[in-house]
Amino acid sequence: SAVISQKPSRDICQRGTSLTIQCQVDSQVTMMFWYRQQPGQSLTLIATANQGSEATYESGFVIDKFPISRPNLTFSTLTVSNMSPEDSSIYLCSVVETGFPSRGYTFGSGTRLTVV
Amino acid sequence: GQQVMQIPQYQHVQEGEDFTTYCNSSTTLSNIQWYKQRPGGHPVFLIQLVKSGEVKKQKRLTFQFGEAKKNSSLHITATQTTDVGTYFCAGTGGGSYIPTFGRGTSLIVHP
Chain A
16 SAVISQKPSR DICQRGTSLT IQCQVDSQVT MMFWYRQQPG QSLTLIATAN QGSEATYESG
76 FVIDKFPISR PNLTFSTLTV SNMSPEDSSI YLCSVVETGF PSRGYTFGSG TRLTVV
Chain B
457 GQQVMQIPQY QHVQEGEDFT TYCNSSTTLS NIQWYKQRPG GHPVFLIQLV KSGEVKKQKR
517 LTFQFGEAKK NSSLHITATQ TTDVGTYFCA GTGGGSYIPT FGRGTSLIVH P
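These protein sequences, in sequence, are chains A and B. If you read the first sequence in the working numbering, its first letter stands for residue 16, the second for the next number, and so on. If you read the second sequence in the working numbering, its first letter stands for residue 457, the second for the next number, and so on.
Bound-form chain A, shown alone:
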């Protein structure tokens, strides 16, 4: 399975600032996904990032708040902009590899964000 390096692993940020989270994959993948997971909750998809095109955002998430870059097939960033305490959460990037049998989605180790 693909190996994803995600950083930072955690951060404490002041409200009103921005944080950029990076994910590096050890192989080329077509799609990368960004999720948010609030403590004790499920995973909510923020957006899907394809190389060479704009990210596709899910309902409730907008590009101005969560701009995403996907400059190549192994790298992506998610920025959490103008942060408020409500943005405190775990952010995870993920990729899916084609093939049989399915290997499902592989997740990065996550970024635990606290906004104060």
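These are computed hints drawn from the structure, not numbers from a lab. Please note: incorrect hints may appear among the correct ones.
Unchecked claim - Which stretches of chain A does chain B cover? Using the computed rule of at least three CB atoms under 8 Å from a CB of chain B, they are:
| id | stretch |
| --- | --- |
| 1 | 47–57 |
| 2 | 121–131 |
Stated by the list, open to error - Now the in silico label distances, taken between C-beta atoms and shown as ranges:
| id | chain 1 | residue 1 | chain 2 | residue 2 | range |
| --- | --- | --- | --- | --- | --- |
| 3 | A | E73 | B | Q536 | 16 to 24 Å |
| 4 | A | P23 | B | E473 | 38 to 46 Å |
| 5 | A | Q53 | B | A524 | 30 to 38 Å |
| 6 | A | K80 | B | G551 | 44 to 52 Å |
| 7 | B | Q459 | A | F76 | 13 to 21 Å |
| 8 | B | I554 | A | P23 | 22 to 30 Å |
| 9 | B | Q459 | A | G114 | 22 to 30 Å |
| 10 | B | T537 | A | R118 | 43 to 51 Å |
| 11 | A | T32 | B | H468 | 35 to 43 Å |
All residues carry an ideal CB built from backbone N, CA and C; glycine is no exception.
Following the hints, put chain B in place on chain A, whose structure we already have.
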């Protein structure tokens, strides 16, 4: 949109007891995946079920996909402390290729 309901939210068991978590979808699924997330960790893929009525086993874990492809279950026999974590189902269907995650069941095993 598609919804995947998962119960129970929490389950406490004594080591050696069995454990089951259930997922139900509002629509017919094309497949369902199961993931395990250890405390402080990230979700790790366990298995994917595709066929109606499919049953798969991984050691003490048994995964089932319902005949109508709207429900699934994960059963752990004789739990161990290493089974502690949150188990998520993730269903794909309704014309989308991206899975919808259930809320997860947190398993707590008491030694």
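Results for each hint:
{"no.": "1", "hint": "47–57", "result": "holds (count 4)"}
{"no.": "2", "hint": "121–131", "result": "holds (count 5)"}
{"no.": "3", "hint": "E73(A) / Q536(B): 16 to 24 Å", "result": "violated, 37 Å"}
{"no.": "4", "hint": "P23(A) / E473(B): 38 to 46 Å", "result": "holds, 39 Å"}
{"no.": "5", "hint": "Q53(A) / A524(B): 30 to 38 Å", "result": "holds, 31 Å"}
{"no.": "6", "hint": "K80(A) / G551(B): 44 to 52 Å", "result": "violated, 27 Å"}
{"no.": "7", "hint": "Q459(B) / F76(A): 13 to 21 Å", "result": "holds, 18 Å"}
{"no.": "8", "hint": "I554(B) / P23(A): 22 to 30 Å", "result": "holds, 26 Å"}
{"no.": "9", "hint": "Q459(B) / G114(A): 22 to 30 Å", "result": "holds, 29 Å"}
{"no.": "10", "hint": "T537(B) / R118(A): 43 to 51 Å", "result": "violated, 27 Å"}
{"no.": "11", "hint": "T32(A) / H468(B): 35 to 43 Å", "result": "holds, 40 Å"}
Of the numbered hints stated above, those contradicted by the structure are hints 3, 6 and 10, listed in ascending order.
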